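Taken in order, these protein sequences are the chains called C and F. For the first sequence, position 25 matches number 25 in this note's numbering, and the numbering has no gaps at all. Heads up: take any position in the second sequence, counting from 1, add 1000, and you land on this note's numbering.
No lab work stands behind these hints: they were computed from the structure. These figures come from a predicted structure and were not determined experimentally. Glycine included, every Cβ here is placed at the ideal spot set by N, Cα and C. Treat each hint with caution, since some may be false.
Stated by the list, open to error - Distance windows between CB atoms, simulated:
no. : chain 1 : residue 1 : chain 2 : residue 2 : range
1   : C       : Cys20     : F       : Thr1309   : 45 to 53 Å
2   : C       : Lys7      : F       : Asn1076   : 28 to 36 Å
3   : C       : Cys20     : F       : Gln1351   : 22 to 30 Å
4   : C       : Lys37     : F       : Leu1160   : 54 to 62 Å
5   : F       : Ser1173   : C       : Ile58     : 32 to 40 Å
6   : F       : Tyr1036   : C       : Ile58     : 40 to 48 Å
7   : C       : Lys7      : F       : Ser1125   : 34 to 42 Å
8   : F       : Asn1312   : C       : Lys22     : 29 to 37 Å
9   : C       : Gly31     : F       : Pro1101   : 45 to 53 Å
10  : F       : Thr1161   : C       : Ile24     : 26 to 34 Å
11  : F       : Asn1047   : C       : Lys22     : 54 to 62 Å
12  : F       : Lys1265   : C       : Lys22     : 35 to 43 Å
13  : C       : Lys7      : F       : Tyr1036   : 36 to 44 Å
Stated by the list, open to error - For the chain F half of the interface with chain C, some residues (derived, Cβ under 7 Å), not all of them:
no. : residue
14  : Lys1196
15  : Pro1200
16  : Met1213
17  : Leu1372
As the list claims (entries may be wrong) - Here are some chain F residues the structure puts well away from chain C; computed CB gaps all over 10 Å:
no. : residue
18  : Asn1019
19  : Glu1057
20  : Leu1075
21  : Lys1153
22  : Val1330
23  : Thr1354
24  : Val1371
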Amino acid sequence: MKDSEKKFTTCYTVLECKSCKKSITRKFKSGDIVFNKIGDCDDCNGILIIEKIFGETIGPE
Amino acid sequence: MDITTFNLDEFFGMSDDSNPLMMLIWILPIILFVFYGQRIQLMVSSNEIKKSIEKLEKFQNETKTEFIDYIKNTLNPISDPTKKLERFFEYFTIMPVDLDPNGIIPKINHLIHSRDDFTRMHVKSLFSEISDFEVTKIHNLLEIVTTLQLFHKAARHLYLTAKKQKNFPLILSLQMMIPFVMEEAEALKDAITALKNGQPIGDGIGPMVVGGMMIEKEKQKISFQTVWSKSEYNGRKLLLVKAEGPNATVGRLGEGIEKIITHDKPDLMIMIDASLKLEGEDSASIARGFGAAMGGIGTDRFQIEDVATKNNIPILAIVIKQSIYEALTVMTKEIADQASSVREEIYDMVQENTKENQTVMIVGVGNTLGVLQ
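Just chain C, same shape as in the assembly (with noise of 0.2 Å):
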């Protein structure tokens, strides 16, 4: 298979805090599973969970 005809998958997670509703988006982790809570909140010590995880796919439709 040609570099043009294969499809490139990146993986990123998204993370937010529940009280201050804060998103980041990061690349995805290995062990990274949704609504797992990850930590805290750098900005209000709120809960921060991972509200999602989604690929983005480059190449031929």
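With chain C's structure known, arrange chain F on it following the hints.
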């Protein structure tokens, strides 16, 4: 063109002053197409099918290698699992006799459950220690490899049979079916990455919607790999049901719902699932409807419909449209973004269709890989 001056002999190159070579150029293809037209078309069509079959074989070999490498390099099996896994790839399922379909559902249920239990037991035996999460992932990966192998074998069988028998209609039907098979095969091949990494797939939108409503609520196990919670909305009691995340499983929703209804009868049931979009429909669009939204073999849907009918519970459905590729591979941004809109639709539905103090059961249908609750 003046047809009164048209000369047939001249047209076919048969007039005296014509070139015999020109005559041959005209006549030969006609003879060729009259007697061998179908065979030529068979050759052209079968060539295209052959390319697709080669692609299927490549998918099958690639996924097999990727799967075995994943087990060997990531999960530390007790010994080399290749031989045992190769044997698994060849397993088949014989569906119960349906000459008398009465009572066939419990038979199918028993067959599918015992097949799953057997596979899980053998997967576990490959390792000294393995989490349930990994077992469900391996179970799904195994199904992908087996399905791709089945696609390849079935397509090759039909192709070789058609060639052997010079059976043009068989080639035609195969030519019609192969694009659908290839679409699903490509989706299955690319699903491997999401499964290995534990990333949510498009089909997981139903459990994601309901899982979001279950956060910080007390969760209880109701049937195998199935959980439920109680919640409340505007004076209505909500019973939330989904497969147990983050496992790669669809749970046993039929069994779970049947159990819940025996002691907590809802006045309305709302089911949320991913649905295959029709060509031309927008991906991630939301549609409302009636009836049990649930794919698969049909046994769980049967159980849910049965218990709903016996208890006179209306079933409403919300589906999130997507292609087969989107349903089986890592969830797209468009689908993930719809989770909050679907939750709002659910609350609207609850408000519009029930009164205070009534109970609504909300079921998230689909593979809950990478989605907690």
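Against the structure, the hints come out as follows:
no., hint, result
1, Cys20/C / Thr1309/F: 45 to 53 Å, "holds, 47 Å"
2, Lys7/C / Asn1076/F: 28 to 36 Å, "holds, 31 Å"
3, Cys20/C / Gln1351/F: 22 to 30 Å, "holds, 28 Å"
4, Lys37/C / Leu1160/F: 54 to 62 Å, "holds, 56 Å"
5, Ser1173/F / Ile58/C: 32 to 40 Å, "holds, 36 Å"
6, Tyr1036/F / Ile58/C: 40 to 48 Å, "holds, 46 Å"
7, Lys7/C / Ser1125/F: 34 to 42 Å, "holds, 36 Å"
8, Asn1312/F / Lys22/C: 29 to 37 Å, "violated, 46 Å"
9, Gly31/C / Pro1101/F: 45 to 53 Å, "holds, 46 Å"
10, Thr1161/F / Ile24/C: 26 to 34 Å, "violated, 57 Å"
11, Asn1047/F / Lys22/C: 54 to 62 Å, "holds, 57 Å"
12, Lys1265/F / Lys22/C: 35 to 43 Å, "holds, 42 Å"
13, Lys7/C / Tyr1036/F: 36 to 44 Å, "holds, 41 Å"
14, Lys1196, "violated, 10 Å"
15, Pro1200, "holds, 5 Å"
16, Met1213, "violated, 10 Å"
17, Leu1372, "holds, 4 Å"
18, Asn1019, "holds, 47 Å"
19, Glu1057, "holds, 14 Å"
20, Leu1075, "holds, 14 Å"
21, Lys1153, "holds, 23 Å"
22, Val1330, "violated, 3 Å"
23, Thr1354, "holds, 26 Å"
24, Val1371, "violated, 4 Å"
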